[in-house]
Each structure stands twice: as structure tokens, then as C-alpha cells.
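S.K.: So you can see what is in the structure, the chains are spelled out below.
Number of protein chains: 4
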Amino acid sequence: MAGSSYGKLFQITTWGESHGKALGVVIDGCPAGLPLSENDIQIFLDRRRPGRTKISTPRKEEDQVEILSGVFEGKTTGTPISLIVHNTSQRSADYGEIANYYRPGHADYTFDRKYGFRDYRGGGRSSGRETIGRVAAGAVASKVLYQLGIRLTAYTRSIGPITIEEKQFDAQAALETPTCMPDRAASLKAEAYLADCMKACDSAGGVIECRIEGCPPGIGEPVFDKLDAALSKAIMSIGAVKAVEIGDGIQAALHKGSENNDAFMMRDGKVTKSTNHAGGILGGISDGSTILLRAHVKPTPSIFSTQQTVNRQGEEIEIAIKGRHDPVIVPRAVVVVESMAAITLLDALLVNMGAKMENLRKVYQK
Amino acid sequence: MAGSSYGKLFQITTWGESHGKALGVVIDGCPAGLPLSENDIQIFLDRRRPGRTKISTPRKEEDQVEILSGVFEGKTTGTPISLIVHNTSQRSADYGEIANYYRPGHADYTFDRKYGFRDYRGGGRSSGRETIGRVAAGAVASKVLYQLGIRLTAYTRSIGPITIEEKQFDAQAALETPTCMPDRAASLKAEAYLADCMKACDSAGGVIECRIEGCPPGIGEPVFDKLDAALSKAIMSIGAVKAVEIGDGIQAALHKGSENNDAFMMRDGKVTKSTNHAGGILGGISDGSTILLRAHVKPTPSIFSTQQTVNRQGEEIEIAIKGRHDPVIVPRAVVVVESMAAITLLDALLVNMGAKMENLRKVYQK
Amino acid sequence: MAGSSYGKLFQITTWGESHGKALGVVIDGCPAGLPLSENDIQIFLDRRRPGRTKISTPRKEEDQVEILSGVFEGKTTGTPISLIVHNTSQRSADYGEIANYYRPGHADYTFDRKYGFRDYRGGGRSSGRETIGRVAAGAVASKVLYQLGIRLTAYTRSIGPITIEEKQFDAQAALETPTCMPDRAASLKAEAYLADCMKACDSAGGVIECRIEGCPPGIGEPVFDKLDAALSKAIMSIGAVKAVEIGDGIQAALHKGSENNDAFMMRDGKVTKSTNHAGGILGGISDGSTILLRAHVKPTPSIFSTQQTVNRQGEEIEIAIKGRHDPVIVPRAVVVVESMAAITLLDALLVNMGAKMENLRKVYQK
Amino acid sequence: MAGSSYGKLFQITTWGESHGKALGVVIDGCPAGLPLSENDIQIFLDRRRPGRTKISTPRKEEDQVEILSGVFEGKTTGTPISLIVHNTSQRSADYGEIANYYRPGHADYTFDRKYGFRDYRGGGRSSGRETIGRVAAGAVASKVLYQLGIRLTAYTRSIGPITIEEKQFDAQAALETPTCMPDRAASLKAEAYLADCMKACDSAGGVIECRIEGCPPGIGEPVFDKLDAALSKAIMSIGAVKAVEIGDGIQAALHKGSENNDAFMMRDGKVTKSTNHAGGILGGISDGSTILLRAHVKPTPSIFSTQQTVNRQGEEIEIAIKGRHDPVIVPRAVVVVESMAAITLLDALLVNMGAKMENLRKVYQK
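First to last, the sequence lines map onto chains A, V, B and P.
Numbered per the working numbering, the first sequence spans residues 239 to 604.
Numbered per the working numbering, the second sequence spans residues 239 to 604.
Numbered per the working numbering, the third sequence spans residues 239 to 604.
Numbered per the working numbering, the fourth sequence spans residues 239 to 604.
Hints are computed from structural coordinates only; laboratory data are not their basis.
Please note that a few of the clues may not be correct.
Since the list gives no way to pick out one identical chain from another, each pair is judged satisfied if it fits inside one copy or across any two copies.
[Said to hold, decoys possible] Subject to a maximum C-alpha distance of 30 Å in a straight line, what follows is the list of computed DSS-like cross-link-like pairs (lysine-lysine):
(1) K494 x K427
(2) K508 x K313
(3) K508 x K560
(4) K508 x K405
All of these numbers come straight from a predicted model, not from anything done at the bench.
So that you can see chain A by itself, here it is in the shape it has in the complex (with noise of 0.2 Å):
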């Protein structure tokens, strides 16, 4: 129980069904005097808003953000900043039918097993609806950040097979294509491929892309709260993800030690490294290189072809799923890999102000 918060620090707490009345999100812990508006949330939220393409769902979603506490004359005040988003369009009756069975893929099963029935409207709390209260929280996280010089940016990195050239990588492109990738080329190939998909009446799966710069060496806490682990949690947290990658990740398992080992070099009198292998991260503590991650993402388990199932009759049945759904899950889950990381970025830091002595004396000392 009481799994709703995330952070030790800076700690939210995200509530709300599908289609409830409302979805939302207390940050607790957010440092006092940071300048913040509903408009620097609702950027973020724009960004998962689905219905903005032929790729996404044509469900409306408003989804506009309204700041309930924690703001005083235009900055935080230190403390708990609750924000709101009223649930406008949900249309119960597309829902109707699934109270009795079990979708594929879905969590219907597992959360009658735990609670013993369950808000089966649009998926109730397992709908990715319930994203919006972590992406409120990012927004506010990377602003954070954003101030002590440390920059995230998420992108597509592949939907099915198609993947995107490193070189040919364009960050701009990343906020333009309806796919999220920063490769123009590459997404015209993932719309054709995603259009393929939805005539056959079926979903693709992709991998999602978090580049960190601008980190400090030393944040992460060992054993346990490495930040490598602890960014895992967060990502795997995430609806759909199915595997997490650090740096070389999946690859590092294949290199020898003189392959995947990165020099260190002095350059401007400063400690970096020759390559990053690493991914920016090394026993668990930032090393001050590019933070990089990945998330593998299943395809949309909602699919318009026939599937076999049983109902809580215990019967087995034949079902063929209606209403709104995106053909895949990828570019709106981006904006979420984002502000997951920044939200665990921003704890660790808290969390590493007193690491040492000289840090206490920093800001205890007159």
C-alpha cells in the first residue's frame, strides 16, 4: 500500500482515476523561491496531450493544469504545491463493457486480485492518464534543475524497427515530428510504419532516449540509492516500460573490459573521460559526463483485432477491444521518461547536500 509517492526529499504524490472528477499531484519538499507559473507546467503537459496527430488517439484531452497551494506572489513558498487537472471528456460508456472481463495486456486482472475489484473506467488508476500528476511534478523538477545549469532532454529513439541515425540527430526535430524523434527522415518511416500497424489492427512498442547534462560529479547514494538504480525504479515505474538501460546498457554485457572501461583525461584542467560507456554514472554516483538512459517500451496492449480471454465468471471468452486508442504508446510516454528523471535527479540532489562536512559548514555556518 501507499505507493502513490515518489522521492525521498523532494516527494510527490499522484492521485486520480481515468475518469474520475480530477487527477493530480502534491510535491512536497520543492525549494522555496523558485518563480512558478501554471504555464511552465502546462508546457509540459501539452507535451503528452494525445490527439495532436493521426498517431495519437483523437480523445480530447484539455488537460489544463491549476495551481491549488504552494505559490505565494509567483514563487514556491517551501511548502506542499498541489496541482489539479479536471477530468472534461472521458466517456464512461466506451467502458462499459470491460467491468466484466479482463483485457490482455491490461492490469484488470491483477488489480481485482489485489483490491478485489477495481474502478474498471477507462482503467481507472492504471490508465496512462495517471501520468499527468508525474509529468505536473516534472515540470516543476526541471525547472529546478534548470537553474543549477542541469538540462534533460527525452526524445524517440526507435517505434518497432525503425530507429533513428545518430547522425542525423536533431533536437528541435524531437519537439516537431508527431513520433518525438529527432530524426525528420526516420519519423516519416515510423508514421508509415505505425499507419501499417493500425490497418492490421494492431500496435508497435519503441524505445524512448533521456540525455542529462550539466549533472555535478557525486550524486547518487551508495549501496542502495545509486542513481543508476534509483533512475531504474523511475523509469520501470512508468506503465508499458519493460527494460532499462544505463549508458551501453545491453551492449556493455557484450564488450570486453578494454572496450567498455572509459580513460579519464584532463581537459581544461578539468577530470572527464576519453568516451562514456558508462553513461555518465559509475558505482552509482554521477561522474559529471552526460547522464544517458533508456526505456523499452511495449507495445499499446489495447488492439482492435479479436483476442481470447476469460470474464470474472471464469469463463473464456472471445473480446475485441473499442474506443480510443494510440496505435503506440512511445512519443507520449517521452515527456514522461523526462520528468521521471528529473524528479529522481532533483531528490539525489537534495538528498547529497550533506555528504560532507564542508557542505554542512556551507550552509550552516555564518
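We have chain A already, so just place chains V, B and P on it with the hints.
M.R.: Just chains V, B and P now, with coordinates in the frame of chain A:
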């Protein structure tokens, strides 16, 4: 700070450095009434002990565990179980020269940046010996789980390019081969591959797989403490792990929805699934089928060939690491993966106990 | 930071400022299957509402609660319950002038020192209105406890020098007298005392007592999360509380061992105690008898007589507080004490569920 | 379960039973770079050692501490500090007969109900020896605080009816009198009172007071982790404590607002208060003046006169406790109160470091 504790109700706190007086773990929250002896724990520790074969370091580490508290008349009392392993064979002289420079692929540099200095002897707290506490606690968690009918099996899935064949799977072999591979033919090939690595003063990585059978449905706490999220953190917190997969993992991202969804069906009057691409977890909650996870482990960073690095004075230097090091971390990390999975699952089982009113009544009503 | 969450498994997170848009609480970890309506919660909130009598502030606070999530078809779903109370009658103009100085006995100065500035309207986050979230959550916790046969009763024990007589104890009176005293004669005397205080532009303190009946033995976690320790934190976290007692409390320190020890005896085949000086808790664990605690509450710091203080510019000034303020905090804090005790006890019950192997088997074994 | 850890960032985990092999504590989160030796800790442990005078038990407990990890070249490394004290003089035979019955005022019965059985030797985990870990950790916390200019002083305020005179206050006396009273005349009276108690086979209680000087303003986290709330939990978690007061405590409830409010004033260009009824904490946050708390301690429950109780078979019996027991717990608990206050305050200082953006910039910006 305070990153050496793990778990919410079954909470372990590990301590100790590679070349300090001792290493250990305090297990707080173990249910009372579990029969427990030092031998139960020693069996697990022996599985991570080096020096058994030619592919592991010739260092002899006795690693005899002693129970200091929490067990009375052969049973756990519900109070903290303190376990200690004295360091006996550490030769600090071997490590003297690393005091002054940063080994590539190790945490020397990041510890220095975080804490201002470090215990450099044998890697100090970032040594693989840190896992002794995890494995000792894993032995206890596994025994509790076993009494509830839950069994974990971890083994080496691949070393470098050599992977086991599913159809040759032999659980007994995993306990007997020096590679911990459950496939004797693959193990011989891997041993030859490792011999070549050693000849070349190089090292290899690999993949560890863990299966959990008998886990009841309903375990895992949405939305942040999902079972797969918790397992990912647990596994990624093990030194050298660079990627974690649940079920089909990275393959899921390449598959279509129609391929990746597991159809529900009835068998013997119970809900089950026709396939298990999900790896036993849906929406972050166990579904009653086998839980499957994989850890991708980087090659041993301590290699004997010459490497470029810098020293604490900020000079670029060349080094050649000496001492006794495994050419591959994987076989010794198998029991660490199994232990972290056991600890995580037991904690999740305890947290889930109050998920529904019905459970409270079972425990509290006369 | 992040001090607005409370509880380990039944976790509440409160948010909101006195004169913000709204106040609320997110309850995470409430067992699924509890029948719950807004009315269940409103009944508790009405007990803390001011404006009922001449001894409380004439401010009219409607404080209507709305359930935003976590309840479906009249029952809790196990997912976070978000409760909101909109601020409707706040007149910020009353508080404009306090922006610039520090009210004695209030948190104005300490908030400024901690966060750099503060939401000064009505005390902002340090206002008594912050307890709305506590009481709403307390209503939910109390309902769960009630279903397990556990009942809490809180009431005013004394106001200034006027104390209830044990032999006049009348539980119904506590719900009807404006003082919340369970003794109508004492209440009349206390009302007269308060009238005198008001006439003198002064205020009074008092003592709140809470009894918990029906708590099973075995609740509370040695050594730091003892039940009495957890209750003390819960009660002392209520604004204006300056002392907490368990059982005989301060009297225990004056008694001899032979007077203070409670003899064990058998009644109806069960172990019980002949007296209850311990207040139902031994070694930090409930013993099955009535749990008894007392909170000592300071006088309202907002008084209308002239006071010395300083302003933000560091000048010594004289002030006279205006506005609407209760001459005594005690009666309105009674339900807050009861709520915090209920939340703490439910959390402790949930944490205790895995204390012995026997309990795990009850929940997990077929 | 898992109640043997305390603190969020400076986290201690204690373990050990009265008659087990050893007792100890793991301190996780101590800032790196603190000079620390075994002697620093031994000085604190010696203050709780019995056998020094005729008013404490003639048991000889050497209680020599050993540092097992976390200190390198005389300084803390930031990794867990494991401290152990071996049990040497325990005579279990003395306690054999208590295996079968429940001592009044002790935790025998409640441990049995919670865990199903207990380590009965010397009280097992509920023994006063459990505080060894607290005091060892308190020594470390106190040293960190001292380096930041914060000093704690605890002493006996009263024993039975004998209370110190404020104007006779002599800090040095507290370290020298067998009662730990900072008033030599009162101490002599208390010794005579205790001699009478012992003659009557009875025991006494008393009050411990602790002052914290030099604490910066701004420490403590509203609304649940207020500094006074955290201190109350810390102090109430010490065995035998039955009430906790902050500042004027129970007297505050009897005073009027005009008497209880502390006027703010300027001194040497800084904000201060003309009085300190609040005990240095306003709204749960330190205000920069002396923090004052009091713990009320019950009389030793082990008395030598005959008592009524029941045995595990549910029979009413008469017992007479034998063995070696202090007639009063207070003097030996003084250093425990001081230690718990130090641990709590250091943790609060660490948590507060990220309270405002300004602090993050101090630590992270170049």
C-alpha cells in the same frame, strides 16, 4: 546519504568495506518464528565465494557468517538480525598504489568527488565484497518465501557472446558449472572464451536471469512501487549491472501488440495465461505466473592491460592494474541477483498484507 | 523538506494554506473495500468547524469536503483517496498588515528564516486550517478501525484551571458542550472563565484527552516506532501542543514502582491488568487495555492586547492583533487529536500484520 | 516491523539483545570528513554505564565499543559506521525463571503477544541495554553538531519528589553527582530518598531535562516533521519515558496568552525573544533560542517486593524479582535523552539543507 538501507518493512542495512575489520548486515522486520541457523546463510554465502575455480580470483575468502542477534532457540524473534563476516584474507598492500589515481570503470573518482576522499583499499565500500550483506539477507528472505511456497532460481544466461540454449536447460548444472550456466555445453564454451580473455589481459561481461515461481497474484504497489519497478532498482543497485529487463524486455519493444499480449485462459478452474511475455507482472502487480527478469552485467573493469587515466593531482598517467581479479563478474553475481530479488519480493508481500479490508479481518478479528 | 506526509503504510499527505484556493489531503494506502461517503468525512470536519458557539471565532467556515478519487461505487478501491475543501470565506484583507512583522507565539518569524519569505495571509501553511486535511483523513482511519472493533474518544479535560471530574464523565456531553468537555458543570465554569479571558483581551490553554478502546495487544514496533513514540509525534505535530502524556504520564515520575506497576491477572480466561497506569502500552507495544493519552495545549497566541515585537526591517514595534480568533484552541483541537491518534494506530496495525510467520500464512496460504 | 531504524538522512539502526553475543548500531548518512575515534564514542557510553555508584546496579558492564567500518585514516568516509559492543558480563542464569511469567511493568507479555515468543534473558530486546546503540550514535551526532557550534546538555531535573533549584544550577555537578543532578544539595537529598526506596524494596521515577544551545533558526519540517514532534518521538521511544514537554510544556496549558507569548526584540542587531516559554520552537521550527525539553521517567519496574502476575499457562501467581536492578532509571537515561536529541537535531539539519533555492546554489553552483 543513508543509502545503505533497503526495504520498507523487511529492511536490510549493509555496512563494511573490502579491507575493513568486517562486513555485515542488519535485517530488521523479519517475521518472528522462522527457523534460522548460520548454516542456512552460509550456503548462500558459499555461492558467491571466489577461489572455487580457475575462472574466479585465486583470493581465498572464507566469509564465515556469525549471527549476533535476533535469533533465539533456533527461531527468529522479530527483532533485528545482525549478521557479521570478518575480513581475514585481505592484503591491503596490493592496493596501496591505487590510493592516488582513478581506475577506469571503477568508482574511485566519483567517491572522491562525493565525499572528498575515500577508503581506497580494495575499492573500500564500492568493492564487490559489499554484496556479502545482500547475500546473507537474501538467504533469510528466501527461507521465508520458501515457507510460503515461493522459489527463486537465478543462473548465468550468457557470458560474452556465449548464450545458453533454452532446450538444454538443466537447473542442477547451474549449481555445478564454474560459470553458473544451466547448460554444460555452453559453460564449456564460455570457459574457453574466458581463458582467451585472460590470456589477452582482458575481461568479459554477461547476462544473469532469475525466475520466481509460486508468487501469488496481487503483489506490487501502483504506481511508483510497482513490483517490476522495485525489482529494477534492486537489480540495478548491484555494482556492474547496466540494464534490467522484465519478461520479454527489450524484445517487447520490437513486437506488435498482437504478439506481445498474453491471452488469459482457464486451467484447472483458475485464471492463467497462454503465454508469458509480460514476465509475470501486469500493471506493476504480479499475475500469478512465473516472474522473469534479466540483469546485464558489464565486463570486470579491473584488467591487466595498460590503461590511460589521471591521478589526484590532475596529471594524465598510464597504469597497469595488479592484484587478483575475476575475468568475469557474472557467476559470482548470480546469487546476488537472486538475493536482491528475494528481499524485494518479501518486502512487497509484507507491504501488500493490508491491501484489502478482508486481510485485516483475517489477522485481527477473533 | 517533505514534512507534509505522515505514516508508513496508511500515508496521508496534506496541503493548503489558510487563504489559498483550497486545502486537502491525499490518503494513500487505505485498505480496499471500505464503504466510504463524503458524509462520513463531513461529520468529522463539522466537529472542528468554528462559529458554532460564542467561545469560538465568528468566522464562518463551511468546509465542505469533496472526494476526488479512490472511491468507486461507494467503496474504497485501494488507490489514493484525494479529498478537497475549498476556501470560501477567507478575508485576506484582515491579514494584510501582518505581512511585515512577526506575531509573538506564531510561526511568522521561523517560516521567514526557514524559507526566506512566507504566505502571510491568515498564517498561510501554519494556520490552524492546516488541520482540515488531518481531520478528513482521521475520519477515514476511524472508520477502518471501527470495523475492526476499535473506538477512539477524545474530549477536553481542562481549560485553564477548570478540570473535569472523573465521576461526572458523560461522553455525550463532550459532543454537545461548546467546550467539548464530558462534564456539563465543568463546561459551564470553563465558559465563564473564557468569557473573562475575552473581556481581558486574553486567551487560555487546556488539556485534551483521548481514549482508545478495543485495540488488540501486540501493536507498535520496538525500538523507535513504539506505539507511544508514534502517538507522541502525531500529537505533538498539532500546532499549539506543548506536552504529551501516556497513561499516568507526569504522575508516573512521582510514583514508586510498587504504585506504578500494573499487576497482571486473569479475567474470563484472558490476561488483563488490575490497573492501567501504563495507559495500555508496555515496552512500546499495546497490551490490550485502554490506551490513554493527553495533549497539553498552549493558549491562543493571537490576543487583542498590545504586544512588543519586531518587523522584517529589524525595528522594535508595538502591535495589536485584529481579526477573528478563538479565545481557546482546545475544543476545536479535540477532533484533531482523535484524528491523529486514529491515523497513527491504523498505520501501526498495518505495519504489524507481518510480525509473525503465522500472519503471513493466514493471508497468503491457500 | 522494521522499527529499529531511526532518522531520514542521518539514519541509525540498532540491534542486539541484553544477553546475546553483542549489541550495536549502524550509522548511515554521517557526513564525510568528521574526525572520529573510538574514544569519542566511549566517553558517551561510559556515561550510561552502571556500577559506578551505590544507586546503580552492581552489575559490571564494560561496554567497550569497536568501530568496524566507515572510518578511514581517522575520519568518517560517508559510508555506514558500524559500531559493536560485546556482551561480556551477562549472567543468564539470573533470568531463567522469568521465561515463564510476565513481569508487571515490563514488556514480557506484549512481546509474547506480538511475536508469539520472546528472548526472555534479561528482557532481551526490551532491556535497557538496547540504548547502547542509541548512545554510541548520539556521540557521533553530537560531534557533528559541536563542529557547527551546537551544544546539548542533559541532566536530572528531579528524582521522586526531589527537584533541583534553578539558581543552584551547576553543569559540572551533573557530570559528577551519582544522580546526574546539576545541584549538589538536591543530589544528596535524592540519594537519601533512593536509599529509602531500596530499603523498602521499591523504586523511584524522575525527570530529565535537555537544553540545546546554538541551534540555527529554521530547523524542523512542517507540518508532521516539526522539530518538537520529532523530538517527542525520539524521547518517548526511550523505554520508561511516559511524558514529554517542550519549553513550558504542561505549564503552558495553565497560562494565559499574555503570559505565554514570547515578545520578539532586537539584540546586537539580531532578532531574539525577551522570554522563552516556547522552548526555542515556534510552529515546529527552531527560532534560534535555547531548545528545552523534558522527559518524565517512570520508576524502575523491577522491584524486589512481592507482586501479583500471571504465567504463560494463564495461572495467577505471586513473584519476587531477583537480580541486579537500578532503583531509579533516570541517571543512566540522561545520556540517552541527550543522544536521541542530538540524533534528531542532526537529521533535521540535514533535511533542512534544501529548504530554499539559495542553499542549493551554495552547494552546487561554481
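S.K.: Now tell me, hint by hint, if it's right for this structure.
M.R.: Now the hints, each set against the structure:
no.: 1; hint: K494 x K427; in the structure: between (34 Å within a copy, 16 Å between copies)
no.: 2; hint: K508 x K313; in the structure: between (36 Å within a copy, 26 Å between copies)
no.: 3; hint: K508 x K560; in the structure: between (58 Å within a copy, 27 Å between copies)
no.: 4; hint: K508 x K405; in the structure: within (28 Å within a copy, 52 Å between copies)
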